[in-house]
Structures are given as structure tokens and as C-alpha cells.
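Sequences and hints are given; from them, build the entire structure.
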Amino acid sequence: MKILLLGLLLLNINAFAQIAAGVDKDNGLPDAQFGSALMSFKNMKLKSEDRGFKVYTRSSDKLVLEKCKATEIVYRFYNDTLFAIGITVKDMSNAKQLRDYGKKHYGPGEDGTKLNSCAWTGKKTQAVYMESPKKTDATLSIGSKEFGPKRSK
25 MKILLLGLLL
35 LNINAFAQIA
45 AGVDKDNGLP
55 DAQFGSALMS
65 FKNMKLKSED
75 RGFKVYTRSS
85 DKLVLEKCKA
95 TEIVYRFYND
105 TLFAIGITVK
115 DMSNAKQLRD
125 YGKKHYGPGE
135 DGTKLNSCAW
145 TGKKTQAVYM
155 ESPKKTDATL
165 SIGSKEFGPK
175 RSK
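Heads up, the sequence shown is in the numbering used here, so the first residue is 25 and it goes up one at a time.
Hint data in this document are derived by calculation from the structure and do not stem from the laboratory.
Pairwise CB distance ranges (calculated):
#, residue 1, residue 2, range
1, Lys158, Lys93, 16 to 26 angstroms
2, Glu90, Gln57, 11 to 21 angstroms
3, Thr95, Glu73, 20 to 30 angstroms
Lysine-lysine pairs mimicking DSSO-like chemistry, simulated, CA-CA at most 27 angstroms apart:
#, residue 1, residue 2
4, Lys127, Lys158
5, Lys69, Lys114
6, Lys49, Lys120
7, Lys114, Lys128
8, Lys49, Lys174
9, Lys49, Lys169
10, Lys159, Lys93
11, Lys71, Lys114
12, Lys147, Lys174
13, Lys66, Lys91
14, Lys148, Lys49
15, Lys114, Lys91
16, Lys71, Lys169
17, Lys159, Lys71
18, Lys158, Lys114
19, Lys91, Lys158
20, Lys49, Lys93
21, Lys169, Lys127
22, Lys127, Lys138
23, Lys91, Lys128
24, Lys86, Lys69
25, Lys138, Lys93
26, Lys127, Lys148
27, Lys120, Lys158
28, Lys49, Lys78
29, Lys128, Lys159
30, Lys169, Lys147
31, Lys91, Lys49
32, Lys49, Lys147
33, Lys120, Lys148
34, Lys91, Lys69
35, Lys49, Lys66
36, Lys159, Lys114
37, Lys128, Lys147
Here a beta-carbon is modelled for each residue, glycine too, at the ideal position from N, C-alpha and C.
Here it is, written out as C-alpha cells:
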């Protein structure tokens, strides 16, 4: 019995390590790495700005992640350093593709019941997939724990 419990514990540790490695390995998107300076990006269009935070879209984005067709990809900067990316889709068939994209790249994740969500937590990066309450759209938010604003303890 103790061997079985130890085996199950090791499997859980390995699964967590894979989840952490998956979300940390990508560190954003292939052409948008967390920690990159705003000035290193081209074709950025400012959507909003508030106290060191800036949100941009990029006119050159193809809005396709493998099989998923996104409606919008936003890039969030803090003090002109990329710290978060939000990918939004507007229909539920693309929502499934977006969730599958997260699971393929980050690992199985931790499914949540609230708003049909899934979360991935790494050492440096975290991601959350969430559907809207009315099931009209979904978002995959990916963020850096290193480059965003520092939280007070």
C-alpha cells in the first residue's frame, strides 16, 4: 500500500513538473517573449494606457494559433516591458481549439469548474483559459511572474 501511495505521489510531482516546464518553456508566444522591450515590436497599436500599463494590438498578427482562429491578441506592457498576452476567440468551436492549444503547449493543466477554466502554473509564467458565462467567447491569458508589477505582501 505504501509503495502504491509513493508511486501516485511521484506521478503527481512529475505531472506538476511537466505543467511548469510547458508554460515556462514558451515564455509568451514564439514571436513575443516576456521581458521584451516595447521598442523591439513593430506594427503596435495602442489600445489603452494607465499608470505605466499599456495595452497594444499588433496589426501584423495573423490571428491564427495552429487550428485556432483568434479574434484578437493583446499585448500588455508594464513600464514598456511585455509581461502578459491575452488571446480572445468569439465562438465556442474556436474556444475548444484555444483550450486544446493550451493543453498541447503547456500540459494537462488544472481544470476548474468556474467558467469552464483551466490553469497552468510554472515557476516564471502562468496561463489561464476561461470561457465567458454566456459561452459567447473565451480567453487564454498568459503572464509572466517576473516582469509585471510587483505585488505588495
